[in-house]
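Residues in the sequence shown are numbered consecutively from 1, following this note's numbering.
A few of these clues could be false.
[Unchecked claim] Between beta-carbon pairs, the in silico distance windows are:
(1) Gly106 <-> Phe53: 30 to 38 Å
(2) Arg129 <-> Thr96: 25 to 33 Å
(3) Leu103 <-> Glu47: 23 to 31 Å
(4) Arg63 <-> Leu103: 40 to 48 Å
(5) Thr28 <-> Lys93: 18 to 26 Å
[Stated by the list, open to error] In silico EDC-like cross-links for lysine to aspartate or glutamate, where the CA-CA straight-line distance does not exceed 20 Å:
(6) Lys45 <-> Glu101
(7) Lys130 <-> Glu120
(8) Lys93 <-> Asp25
(9) Lys36 <-> Glu46
(10) Lys36 <-> Glu51
(11) Lys93 <-> Glu120
(12) Lys36 <-> Glu11
(13) Lys36 <-> Asp25
(14) Lys45 <-> Asp25
(15) Lys36 <-> Glu47
(16) Lys93 <-> Glu22
(17) Lys36 <-> Glu22
(18) Lys45 <-> Glu11
Because the hints were derived from the structure by calculation, they are not lab data.
Glycine included, every Cβ here is placed at the ideal spot set by N, Cα and C.
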Amino acid sequence: TGEIRVQVQEESVWLSQRQMAEVFDTSTDNISLHLKNIFAEGEMKEESTTEDFSVVRQEGQRRVRRRVRHYNLDGILAVGYRVSSGRAIQFRKWATQILREHLTRGYTINRQRFEDNARELEAALQLVRKASAAPALDAQW
């Protein structure tokens with residue numbers, strides 16, 4: 001799987017149709033069709049889930065700056081639940097597992113962040129232990 005650069009703005013993740021097609025392993029035409037239906041059926045309002053970002057991209061031999069429509073996390077999730085591809089199925093399984101954890105536990109743990117923070121906490125505790133075991137500094141000169 002490749003890496004996709006995402007826009008993070010206004011407490012959301014934003015992807016273009018091309019990026020969503022890459023994420024869900026489908027065509028941009030398919031993504032466009034699902035988005036059209038999502039908005040037509042009133043599942044979401046286009047104006048609250050889309051934003052145009054200025055993007056620099058290669059067109060032939062030159063780099064061009066274009067305004068490209070991006071869709072926020074709500075739009076990405078809605079598309080992910082409509083696309084029929086192997087990768088979209090994996091996404092739905094993952095999203096369902098996260099939602100299940102959140103609903104049954106009342107919270108969701110980002111395991112990587114938890115492990116990183118645990119390592120940092122352990123390192124801080126070791127420093128405190130070393131400091132407390134060191135002979136006290138005499139305040140007298």
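Okay, which hints does this one fail, numbers in order? Hints 2, 6, 11, 12 and 14 are the ones this structure does not satisfy, whereas the remaining hints hold.
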